[in-house]
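*Asks:* Just so you know, the sequences run in chain order F and C. Residue numbers for the first sequence follow the working numbering, beginning at 1 and rising by one. Residue numbers for the second sequence follow the working numbering, beginning at 1 and rising by one.
Because the hints were derived from the structure by calculation, they are not lab data. Be aware that one or more of the hints could be misleading.
Derived SDA-like pairs: lysine to any residue, alpha-carbon spacing no greater than 20 Å straight-line [claimed, not checked]:
1. F:Lys231 <-> C:Tyr79
2. C:Lys44 <-> C:Trp55
3. F:Lys231 <-> C:Trp55
If you want the building blocks of each chain, they are given just below.
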Amino acid sequence: MKKGLTVIVAIVLCAAFAVALTACNNDKSDWEQIQESGELVIGITYFRPMNYYEGEALVGFETEFATAACELLGVTPVFQEINWNNKIVELQAGNIDVIWNGMTISDDLRTGMDISNAYMSNRQVAIINRNNAAIYTDLVSMTNARLGAEQQSAGEKAIKATAELADNAYVPLEAQSTVLNELNAGTIDVGFIDIVMATASIGEGTDYSNLMMVEGAIIGDDELYGIGVRKGSDLLEQINSAIQTLYDNGTLATIAAKYGLTDALVAPQA
Amino acid sequence: MTFENVTLQLLEGFGLTVALFAATLALSLPLGLVVTFGSMSKIKPIQWLARTVVWVIRGTPLMLQVMVVFYVPGLVFNYPMQSRFIAVLIAFVINYSCYFSEIYRGGIESISHGQYEAAQVLGMTKGQTFFRIILPQVIKRILSPMSNEVITLVKDTSLARIIAVPEIIQVAYNILGGYALVWPLFYSGAFYLLFVGLLTLLFRFAEKKLNYYRV
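Same shape as in the complex, but just chain C (with noise of 0.2 Å):
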């Protein structure tokens, strides 16, 4: 195993770390604020479940999660899922969407009532008043813990190895059993560590965008 060889069979693997990462993030995104909506709603039903919800899945290990969905419909109802990545996305998502949901809910919590009345005044209906008025000042103010939640996330794929999907550093191990190389394992590292780098200017840059309102 050359390096040119281990290198690109690690960037086969991160292209699933990235797959999972993205399309996790992409679902649990919009998801995430429909799990807030039910934690805040005045209906309380359904308050009750989405805080237990979000209770259990915050409660739990992300690793258990994802062997419940993988294994549990086909050890109760013999209907066992086809794919392994589709399970631990499905994972991800639920558990991202409600420690988002959280953020969310802090967020929307922390703009003043005022600012509700005024757009009554204004003649807004609640969902104009929702979506034009208050959330484009919470993205404002959530960005940064929610930059910690997406850089975990990133490192977080890793446990999809638990269900042997080959992602990054399920290849690293692999080479490792097979070659008897131990530093491709901390080389996957590097892969992390550059994408994150990538992440966190991202991060910054919108920052920098939102950072209207000054005087």
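Pulled out of the complex, with its shape left as it was, chain F reads as follows (with noise of 0.2 Å):
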């Protein structure tokens, strides 16, 4: 019984190989192949105003941007949630086609994949408790807060680049709304996110009544946002070109309108 348990192993180990080394041989293009299966995987997170859900459609500044391009370039949109620590290793091992979730492009990003023309732009803001609003009111009434910002994010290296809170207690958090979760719990005192994102989702009438923006605490250099793509990829040239169209025609303009997002927008920029 036992010899013949390692033969059917061994042979299905083989086959697994076999197939695995097929799969190897395959020369077509990155683009090719996408055109060939029909579907763009695009990776994203859930967030507002770029990807999340209203009731039961998946909705957002980046969802109708990217159901857009996909239209032009003739492929079904393919929405794949993932975790955003893995957004590199999701790209290389072709798990998702492109990263399309309000990306800011960095040069550290870029040794990783490739990323297409920026088209919106963004800062770093800071977010507090409503009951604290007499206390931080600039970056310099900030020196002692407790700070939490999203891990390798733009927002920690905002914080890192800036004298009067680069000495502060930080926590790198996993994701931009656990940094307002921890704002919630009292466990950080500031909190930094995206301007674009902070806008949509906290303040008066949204989930985060509670939190506010402080106006005199906005850091670091203007970012860009932009859509990564496998290294070498001739996708990005689809993407780039699709951006390019999108933006001529008022489509971009008329999404970013929709969503709160019409000072952002920026002109598509290598």
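Two chains, two frames, some hints: make the complex.
*Replies:* Written out as structure tokens, the structure is:
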């Protein structure tokens, strides 16, 4: 019985390797493979105003933008939730084809992926609990505050680069939404998140009505959002031309206005 | 988000949790026995291989194994995994088979040698001896360590979140991120608690049923 089992296991393993090796012999380009499958797998995380659920429907600036771009490219968009920390490995392993999620362009990211032309600008804004409105009014007043931002994010870099905040106690958190929850729980005093996200998700009439932005504490350089593709992929030019077309024909402006992002929209730039 | 809405969404996530739990159990219980045969094999290379596998699988975090199963096919073989659920399932089945195999081994080795001899005297083959005499006693003896492992499995399913499988904790996190509601996260604990409560009753019932040979 044991011998029989060993033989079966050996056959199964050989078969698995054979399949894997055949799959390797694939010299079609990235874009050709996507066209062949007819689907563009888009890596996202859920957050306002980019990709989020309104009842049963997935909506948001990036959702509509990506859907319009896919229509131009003649492929079907498939939105796949990912764990944001694994975005580069998801891309490289081929589990997703693009990252389309309000991603801030940085040189560090460029080592792992190619990034499209920028289409939106952003900065980092301080968020506090309304109860602390009198305490934290500008950067200088935050010298002793416990800070939080998404790990490896533009917010984290901006904190490190700001003289008033560089020596503060700082917690790297899992996501921007976690920053808001830590503020709610009072486990950090000041959080830094994308101003684009803050505008849509905190303040009066939102779920985070007890949080507020500190207008006098906007930090970091002007950041730009881009779309990530695999390194060396010919999908990049397709995406870039789609961005340009959608900007030129006013589609992007219409979508941006719908989500209150008109000021953030920029002309496509490399 | 009303209480009903949250409950419905969490239930949907918990459905996936239970599916992962049930499929893992159904596949790893028999596979664990195969690993046991391997690690108890008289053929040295097979024994060596099985024990190395058990060492590697028990010696690395399950979270890492999930990521290896999901990402390595795409990264190394250019053959991306199509299903996140299947990837998690494969990692869980391999992991739990190894843990189960050691429990089985302990159970099998606890049966006295005299029983094998007695079975031989009665003219039973090796296979008959194992499945009719040894295994039923092993099952009875390993029931409580197995219940531990099975209950741990229920909660380990939350690791599926690392590759964004929408099990109940992931769903609760998305509600937290999208609607600023913290309580669904804590509420999700109640689902686990209920389910484990059921399993505990089931194991108690099984233990009672197997409580024969009493004098």
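*Asks:* Confirm or reject each hint.
*Replies:* Here's how the hints hold up against the structure:
Our distance criterion of 20 Å between C-alpha atoms is met by F:Lys231 and C:Tyr79, whose separation comes to about 17 Å. Restraint check for C:Lys44 and C:Trp55: the C-alpha separation of about 16 Å stays at or below 20 Å, so the hint holds. Between F:Lys231 and C:Trp55, the direct Cα distance comes to roughly 37 Å. Violation of the 20 Å bound is thereby established for this hinted pair.
The structure fails hint 3 only (numbered hints given earlier).
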